[in-house]
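Spelled out from the first residue to the last, the chains are:
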Amino acid sequence: MKNNIRVERAIKNITQADLAEKVGVSRQTINTIESQKYVPSTVLALKIARVFEKPLEDIFTLEEGD
Amino acid sequence: MKNHFLFPYWCRFLGWALFLFHIPVVIFKDNLGFRFDEDSQAQGLFNSHHVFFILTALLMTVGLFLVAFAKEKIEDEQIWSVRLESLRWAIYINYAILIVSLVFLDDVHHIMELNLWVPLIFFIVRFRWVIFRLNRLAGREN
Chain Y
24 MKNNIRVERA IKNITQADLA EKVGVSRQTI NTIESQKYVP STVLALKIAR
74 VFEKPLEDIF TLEEGD
Chain Z
22 MKNHFLFPYW CRFLGWALFL FHIPVVIFKD NLGFRFDEDS QAQGLFNSHH
72 VFFILTALLM TVGLFLVAFA KEKIEDEQIW SVRLESLRWA IYINYAILIV
122 SLVFLDDVHH IMELNLWVPL IFFIVRFRWV IFRLNRLAGR EN
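Chains Y and Z, in that order, give the protein sequences. Quick note: the first sequence uses the numbering used here, first residue 24, plus one each step. Quick note: the second sequence uses the numbering used here, first residue 22, plus one each step.
Just so you know, these hints were derived from the structure itself, not from any lab. Glycine residues also receive a C-beta, built at the ideal position from the N, C-alpha and C atoms. Treat the hints with care, as some may be off.
As the list claims (entries may be wrong) - Some chain Z residues well away from chain Y (every beta-carbon gap over 10 Å; in silico): (1) F26; (2) C32; (3) L35; (4) L41; (5) V47; (6) F49; (7) K50; (8) R56; (9) Y116; (10) D127; (11) H131; (12) V146; (13) I152.
As the list claims (entries may be wrong) - Restricting the straight-line Cα-Cα distance to at most 25 Å, the calculated cross-link-like pairs of lysine-lysine (DSS-like) are: (14) Z:K92 - Y:K60; (15) Y:K35 - Y:K77; (16) Z:K94 - Y:K60; (17) Y:K25 - Y:K77; (18) Y:K60 - Y:K35; (19) Y:K25 - Y:K45; (20) Y:K70 - Y:K60; (21) Z:K50 - Y:K70; (22) Y:K45 - Z:K94; (23) Y:K77 - Y:K45; (24) Y:K60 - Y:K25; (25) Y:K45 - Y:K70; (26) Y:K45 - Z:K50; (27) Y:K60 - Y:K77; (28) Y:K25 - Y:K70; (29) Y:K25 - Z:K94; (30) Y:K70 - Y:K35; (31) Y:K35 - Y:K45.
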């Protein structure tokens, strides 16, 4: 699963730590999601999408092979 | 995410304290009045051997247990999945060691003591190592 959290963060000008605090996880978790080492749960993905005020699929997209 | 059945964060420090408690007990065991000769062994439930075992091996186990199952400062779903993964590895290793030692050793008492600690120690080491790596990774980003 791909995501463009890093781009969205840059647009909104918030750090990993800010985003982590808004969705209630650790900064390490945001970091591993961004580097695609960890796939978030649906709940967390929805929370992240809500922070960026965008629909889920604008931020997370399926890759080939998923 | 709600995580049930975990001890509060401060239990980690209590756990390490309990784990280290055996060191003074072992050093000062003569001053504390423990007698390990044959006579004292036979008497009742709370003989020297028994109390010494409770103060050392058992407190170490309780300490490790608290360390292993105390909450992290920030509990999130990734920590939860790392914890589960580490537990799975700990059980694998434990049973591998248990089966090999049951086949090749005849010392059931020591096998049981090994079994008391191996899963907890392996779990703690693996869990902390993964969290250390995650922290390092996140530290490099900023």
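Status of each hint after checking the structure:
| no. | hint | result |
| --- | --- | --- |
| 1 | F26 | 19 Å, holds |
| 2 | C32 | 19 Å, holds |
| 3 | L35 | 23 Å, holds |
| 4 | L41 | 28 Å, holds |
| 5 | V47 | 38 Å, holds |
| 6 | F49 | 42 Å, holds |
| 7 | K50 | 43 Å, holds |
| 8 | R56 | 51 Å, holds |
| 9 | Y116 | 28 Å, holds |
| 10 | D127 | 46 Å, holds |
| 11 | H131 | 39 Å, holds |
| 12 | V146 | 19 Å, holds |
| 13 | I152 | 8 Å, violated |
| 14 | Z:K92 - Y:K60 | 23 Å, holds |
| 15 | Y:K35 - Y:K77 | 12 Å, holds |
| 16 | Z:K94 - Y:K60 | 22 Å, holds |
| 17 | Y:K25 - Y:K77 | 16 Å, holds |
| 18 | Y:K60 - Y:K35 | 23 Å, holds |
| 19 | Y:K25 - Y:K45 | 21 Å, holds |
| 20 | Y:K70 - Y:K60 | 19 Å, holds |
| 21 | Z:K50 - Y:K70 | 56 Å, violated |
| 22 | Y:K45 - Z:K94 | 16 Å, holds |
| 23 | Y:K77 - Y:K45 | 15 Å, holds |
| 24 | Y:K60 - Y:K25 | 10 Å, holds |
| 25 | Y:K45 - Y:K70 | 9 Å, holds |
| 26 | Y:K45 - Z:K50 | 53 Å, violated |
| 27 | Y:K60 - Y:K77 | 23 Å, holds |
| 28 | Y:K25 - Y:K70 | 17 Å, holds |
| 29 | Y:K25 - Z:K94 | 29 Å, violated |
| 30 | Y:K70 - Y:K35 | 15 Å, holds |
| 31 | Y:K35 - Y:K45 | 13 Å, holds |
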